[in-house]
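Residue-level listing of the chains:
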Amino acid sequence: MFRTIFLIASLAAALPLRAELRVFACEPEWAALAQELGGDKLSAYSATHALQDPHRIEARPSLIARARSARLVVCTGAELEAGWLPPVLRESGNAAVQPGRPGYFEAAQFVTRLEIPTKLDRSEGDVHAAGNPHIQLDPRNLLAVAGPLAQRLGELDPANAAYYAERQQAFAQRMRAAVARWEKEAAPLRGSRVVAQHKSFSYLFRWLGIVEAGTLEPKPGIEPGSAHLAQLLKQARTEQARLIVRTPYDSPRPGEWLAERAGIPLVTLPFTVGGSDKAQDLFGLFDETIAKLKGVP
Amino acid sequence: MFRIALLAVAATLALPVAADDDLKALREEVAQMKKAYEQRIDALEQRLAAAEDAPQKSQSPQDGAARGAAAAGGFNPEVSLILQGQYRRLKEVPERSITGTWPAGGHGHGGDERGFSLDHSELVVSANINPYFRGLMNVALKDGEAEVEEAYFQTLGLGRGFTLKGGRFLSGIGYLNEQHPHAWDFADAPLMVKALFGEHYGQDGLQLKWVAPTDLFMEFGAELGRGAGFPGTERNKNSAGASALFAHVGGDVGRSHAWRAGLSWLTTRAREREAHFEDTDAAGPNEVEGLFTGRSRTLIADFVWKWAPDGNPKQRNLKLQAELFRRSESGDLACGSEVATSPCLGGVGLGRLRSAQTGGYAQAVWQFMPQWRIGYRYDWLNSGSKRYDPATVFAALDPANAYFTSYRPKRHSLMVDWSQDEFSRLRLQFARDRAMQGVTDNQVTLQYIMSLGAHGAHKF
Numbered sequence: 001m002f003r004t005i006f007l008i009a010s011l012a013a014a015l016p017l018r019a020e021l022r023v024f025a026c027e028p029e030w031a032a033l034a035q036e037l038g039g040d041k042l043s044a045y046s047a048t049h050a051l052q053d054p055h056r057i058e059a060r061p062s063l064i065a066r067a068r069s070a071r072l073v074v075c076t077g078a079e080l081e082a083g084w085l086p087p088v089l090r091e092s093g094n095a096a097v098q099p100g101r102p103g104y105f106e107a108a109q110f111v112t113r114l115e116i117p118t119k120l121d122r123s124e125g126d127v128h129a130a131g132n133p134h135i136q137l138d139p140r141n142l143l144a145v146a147g148p149l150a151q152r153l154g155e156l157d158p159a160n161a162a163y164y165a166e167r168q169q170a171f172a173q174r175m176r177a178a179v180a181r182w183e184k185e186a187a188p189l190r191g192s193r194v195v196a197q198h199k200s201f202s203y204l205f206r207w208l209g210i211v212e213a214g215t216l217e218p219k220p221g222i223e224p225g226s227a228h229l230a231q232l233l234k235q236a237r238t239e240q241a242r243l244i245v246r247t248p249y250d251s252p253r254p255g256e257w258l259a260e261r262a263g264i265p266l267v268t269l270p271f272t273v274g275g276s277d278k279a280q281d282l283f284g285l286f287d288e289t290i291a292k293l294k295g296v297p
Numbered sequence: 001m002f003r004i005a006l007l008a009v010a011a012t013l014a015l016p017v018a019a020d021d022d023l024k025a026l027r028e029e030v031a032q033m034k035k036a037y038e039q040r041i042d043a044l045e046q047r048l049a050a051a052e053d054a055p056q057k058s059q060s061p062q063d064g065a066a067r068g069a070a071a072a073g074g075f076n077p078e079v080s081l082i083l084q085g086q087y088r089r090l091k092e093v094p095e096r097s098i099t100g101t102w103p104a105g106g107h108g109h110g111g112d113e114r115g116f117s118l119d120h121s122e123l124v125v126s127a128n129i130n131p132y133f134r135g136l137m138n139v140a141l142k143d144g145e146a147e148v149e150e151a152y153f154q155t156l157g158l159g160r161g162f163t164l165k166g167g168r169f170l171s172g173i174g175y176l177n178e179q180h181p182h183a184w185d186f187a188d189a190p191l192m193v194k195a196l197f198g199e200h201y202g203q204d205g206l207q208l209k210w211v212a213p214t215d216l217f218m219e220f221g222a223e224l225g226r227g228a229g230f231p232g233t234e235r236n237k238n239s240a241g242a243s244a245l246f247a248h249v250g251g252d253v254g255r256s257h258a259w260r261a262g263l264s265w266l267t268t269r270a271r272e273r274e275a276h277f278e279d280t281d282a283a284g285p286n287e288v289e290g291l292f293t294g295r296s297r298t299l300i301a302d303f304v305w306k307w308a309p310d311g312n313p314k315q316r317n318l319k320l321q322a323e324l325f326r327r328s329e330s331g332d333l334a335c336g337s338e339v340a341t342s343p344c345l346g347g348v349g350l351g352r353l354r355s356a357q358t359g360g361y362a363q364a365v366w367q368f369m370p371q372w373r374i375g376y377r378y379d380w381l382n383s384g385s386k387r388y389d390p391a392t393v394f395a396a397l398d399p400a401n402a403y404f405t406s407y408r409p410k411r412h413s414l415m416v417d418w419s420q421d422e423f424s425r426l427r428l429q430f431a432r433d434r435a436m437q438g439v440t441d442n443q444v445t446l447q448y449i450m451s452l453g454a455h456g457a458h459k460f
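Residue numbers (our numbering), protein chains in the order written: chain L, 1 to 297; chain U, 1 to 460.
Quick caveat, the hints were computed from the structure, so don't treat them as lab data. Note that this is a predicted model, so its numbers are computed, not measured. Please note: incorrect hints may appear among the correct ones.
Covered stretches of chain U, going by a simulated chain L footprint (3 or more residues, C-beta under 8 Å) [as the list claims (entries may be wrong)]: (1) 159 to 166; (2) 209 to 220; (3) 244 to 256; (4) 308 to 319.
Computed footprint of chain U on chain L, listed as stretches where at least three residues anywhere in the stretch have a Cβ under 8 Å from a Cβ of chain U [stated by the list, open to error]: (5) 46 to 57; (6) 94 to 108; (7) 215 to 227; (8) 283 to 292.
Think of the CB as a built atom: it goes at the ideal place given N, C-alpha and C, for glycine as much as any other residue.
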């Protein structure tokens, strides 16, 4: 057995090291952002895809293997990945990407988080002490994360630091222009009332001035029950909610139930990169999100 | 507020010099201003109160950065408490055992109490000690006993895929062995695990693991330990009493499938490992101690396959799991008794004993809708081959002893469980247990598992 281990170890050591910086992103948006900043100098792997609920991922062997050879782990943080990332990182045996090391990057630290609970108790559902972790749907948050991320890439790969900084400048410029355009396009949405499945869209709503007229989940992470849905139906009517939004991974059933009775449409927003055919990069993500929100009469 | 005070002061100062008419006009003006300001202050106070009441509060990113990384990596330890208990309906069997196997005795969380009973409550405390080490302690508490299930440190900073664990930990052999009872998919351990280790195999020692830098998950581990747990015994020596080797491979197939397979090897020695036997005393059988001294080797193959549509286990998922084992032991058998007429009086050697046994379990757990799962498990053991000199052994021990019996223990288990979320689970289990020859026990278990505290991040 020891000889086999030794053999495999020496084989692995003999493999030519791939030149590019290997990034392990917990969610597709961070893989996309890292790719925007790193171009062909890095390869980004996303541990989850748009059809997966990032709260409920299993610490699968494939994730441990990917974390093992990563030089940088980019995650949302704010406890979003608390259910699976700690064992993945621990089991990987990769010292460089442990929390607190330069190879571990938490995006949520660099933005102003919403919904920080005043009361921490499981009776309130699956609340995150650090606030709502679904920060990616406000593009200004992406801008706030891009700077520190480009800097971190430069620290880990000093030879290409200038390259990352340059790409970050270019990205910021394009993103700022796009934000101005999106804000203009979405101006008619200001003040409209929308029901969300989970607190997944708080940052998007705040950015565009949309009012959240209730959530299908009675409490974060708690499945919608019939009593709560009946109450929500009443609320949707009195508040004149325009539509219901869900992520691609939420079960469509509670939304369909409410949509049918309240007579308002249920819309699936891409939520992250890869969440729909058109949302193939960060720009496409917001183009598609605003188009879908506006597409409802 | 300041502005009002200023105004009031100014107004009083102005009073003596103003004419009566002017004074009246001024008073009215001041009164109006006061009223206006009071209204504005009221409005502001209301807005402030509303802002304080609102659950939506923001925090500046600077604060966030100062707080450090995830809470799990921070200063506060993760503390969790697992509450477990059940109602069991079992046949009354005086001394429950698995026919044809050497009883694992020692360790075990009961599991055969009838009626209502409380399981051990597990208290788990873990934290990163510094960027280089992590520590964990798991204590099982019940009625005046606190058993240290695990207490180990683990390196975080060794790098290059290496992790070293030291202290008391559940051995990495097989698949189920590293899981605590609250993470099991059934209310009890498979017969295989009961026969091999009692409940699970713990090591007091060291474990070194290495993960290969490949996209296919490959993990290799080696352990050295005290070896005091069954099938070994406490032997009071300086060298290691047990060693284990294991290898795991795993990966994904498409977006919806994930698997892991492993092969493990445990070798340890026993000195005068005890079991109850009946002797051949002409004056009537006595309960005597059967004693085994020798080497025990266990080989385990494990396999897990999980399916979840698009990698989303929340709605529906399927988990297939199987483990097989082969245990071979060789050494000397002896018996001992203090009964004057017993052929075992004072300890008698009974010659060589060599045995080889196999068995395993296979199970499927299907979450057919959110919160609801149903599972089926099949257990089997082969009493296998035992080689000894019958003339010597049966001169002292009754050939009817369960250990010498050729029998194939079997069990079918069916369970359904409901989980409000990952913190609470209620389970109903039916089992047809034929672990003992001549006894068919139809068992019913109604169980609860509740976890308080830190987010229970389980391994695959």
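Quick rundown of the hints versus the structure:
{"no.": "1", "hint": "159 to 166", "result": "holds (count 5)"}
{"no.": "2", "hint": "209 to 220", "result": "holds (count 12)"}
{"no.": "3", "hint": "244 to 256", "result": "holds (count 8)"}
{"no.": "4", "hint": "308 to 319", "result": "holds (count 7)"}
{"no.": "5", "hint": "46 to 57", "result": "holds (count 7)"}
{"no.": "6", "hint": "94 to 108", "result": "holds (count 10)"}
{"no.": "7", "hint": "215 to 227", "result": "holds (count 3)"}
{"no.": "8", "hint": "283 to 292", "result": "violated (count 0)"}
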